[in-house]
Amino acid sequence: MDAARVDLMASAAGKVGGVTWHHLFLVAEDASGRQQYLRAGPQCLPLERLAGRQTQYGDAAEDYEPSPAGAHGVITIATGAYEPGGTDFDPVAANVTLASGNAAARLWDSVQRAAKALGDEQIPYDPVGRGANWAIMEALRRCGVQAALPPKRWAPGAGELAPEVALPGVSTRRLGQGVVR
Amino acid sequence: MSEGDKRFRFEAFADPACAAAAFEAAYPPGSAIEPALQALVDMGAHCKAVGPTRFACRYLEKEQVPAGFCWHVAIEADGEEAIQRVGIDLARLGM
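Chains A and B, in that order, give the protein sequences.
Heads up: the first sequence at position 172 corresponds to 172 in the numbering used here, and the numbers run straight through without jumps.
So the number in the numbering used here is just where the residue sits in the second sequence, counting from 1, plus 1000.
Derived from the structure by calculation, the hints contain no laboratory data.
Model, not experiment: these values are computed from the prediction.
Please note that a few of the clues may not be correct.
[What the hints assert, rightly or not] Residues from chain A that keep clear of chain B, each with C-beta distances beyond 12 Å, as calculated:
#1 39
#2 96
#3 112
[Stated by the list, open to error] Okay, the calculated beta carbon distance ranges per label pair:
#4 A:100 with B:1009: 37 to 45 Å
#5 B:1063 with A:66: 16 to 24 Å
#6 A:96 with B:1021: 32 to 40 Å
#7 A:70 with B:1051: 22 to 30 Å
#8 A:106 with B:1032: 27 to 35 Å
#9 A:95 with B:1078: 40 to 48 Å
#10 A:161 with B:1008: 37 to 45 Å
#11 B:1084 with A:161: 30 to 38 Å
#12 B:1051 with A:78: 23 to 31 Å
[Unchecked claim] Derived list of chain A stretches under chain B, where covered just means 3 residues or more per stretch with a C-beta under 8 Å from a C-beta of chain B:
#13 52-61
#14 86-92
#15 117-128
The beta carbon of each residue, even a glycine, is placed where N, CA and C say it ideally should be.
Throw the hints in and build the complete structure from the sequences for me.
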């Protein structure tokens, strides 16, 4: 795809403490208006989220195989047509344009490579650290892009992770971009 | 199906193929599009017209923290407002 524009999208995904959190992904558009997405997500969900659900092969829980990487597996990168009824399609998602024209084509190529490399690293999915939002922003950072989020959108994990701070006798847990002790 | 049995719930499914088959059983091609759209809106989906006879709906399951399912539906109708095609996709969302 010869991208003419690349946008960072923020789609409402749920609420934490009454505040809406957003799922980040990228959408590229070529000169003809054809669009593609690039996204990250968990490889799987914990078994308890599958209980009582059916797949085309039967009970989803029966086919469940735990991932050695943890309850959410590894960070999984996906790309495809951005179209109604397709993954991540959200006509009311907020967006910021990251690049247009020739710069967009270069960015789209490089960010796809960076995202694929990130996926190949098989990074365990950590919903309160290295998760989907972190992965998309990290792929951009690896291309030299420090993207700003769409205004007034909270996307937990989007910031660079601070180095782990080890305090004796104090357990810490990252929540979004803050640190709770 | 009785009215109670007919109520389609995404939460009963874990893949788009199975959900699409069940949705098509409840709202088959040729049936009116309005009840299908109404059912999606009633369950909490956000639907938007993306063409004269095409609608895109996005349904977030309630439990999305720290990760959950998001369903995407495209419904296309003919000039008589009867369902022609339904496409369903499923994405795992996580922070």
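Results of checking the hints against the structure:
Not every C-beta of chain B lies more than 12 Å from that of residue 39 (chain A), the closest at about 8 Å, which undercuts listing it as non-interface. No Cβ of chain B approaches the Cβ of residue 96 (chain A) within 12 Å, the least distance being about 19 Å, so the stated non-interface status holds. Taking the minimum C-beta to C-beta distance to chain B, about 18 Å, the non-interface status of residue 112 (chain A) holds against the 12 Å cut. Between residue 100 (chain A) and residue 1009 (chain B) the CB atoms are about 42 Å apart, so this pair conforms to the stated range of 37 to 45 Å.
The given range of 16 to 24 Å is respected by residue 1063 (chain B) and residue 66 (chain A), whose C-beta atoms sit roughly 20 Å from each other. Under the hint 32 to 40 Å, the C-beta atoms of residue 96 (chain A) and residue 1021 (chain B), about 38 Å apart, fit the expected range. Residue 70 (chain A) and residue 1051 (chain B) have their C-beta atoms about 41 Å apart, which leaves the hinted 22 to 30 Å range violated. Separation of residue 106 (chain A) from residue 1032 (chain B) is about 48 Å and departs from the stated range, judged on CB atoms against 27 to 35 Å.
Residue 95 (chain A) and residue 1078 (chain B) have their C-beta atoms about 32 Å apart, which leaves the hinted 40 to 48 Å range violated. For the pair residue 161 (chain A) and residue 1008 (chain B), the beta carbons lie near 41 Å from each other, so the given range of 37 to 45 Å is met. The hinted window of 30 to 38 Å between residue 1084 (chain B) and residue 161 (chain A) is violated, with their beta carbons roughly 47 Å apart. Distance hint check: the CB atoms of residue 1051 (chain B) and residue 78 (chain A) are about 25 Å apart, consistent with the given range 23 to 31 Å.
Against chain B, the region 52-61 of chain A contributes 6 residues with a C-beta closer than 8 Å to a partner C-beta. That satisfies the three-residue criterion, and the hint holds. Here the region 86-92 of chain A counts 7 residues with a CB under 8 Å from a CB of chain B, which clears the bar of 3, and the coverage holds. With 3 residues bearing a CB less than 8 Å from a CB of chain B, the region 117-128 of chain A meets the requirement of three and the coverage assertion stands.
Violated hints for the displayed structure, listed by number in ascending order: 1, 7, 8, 9, 11.
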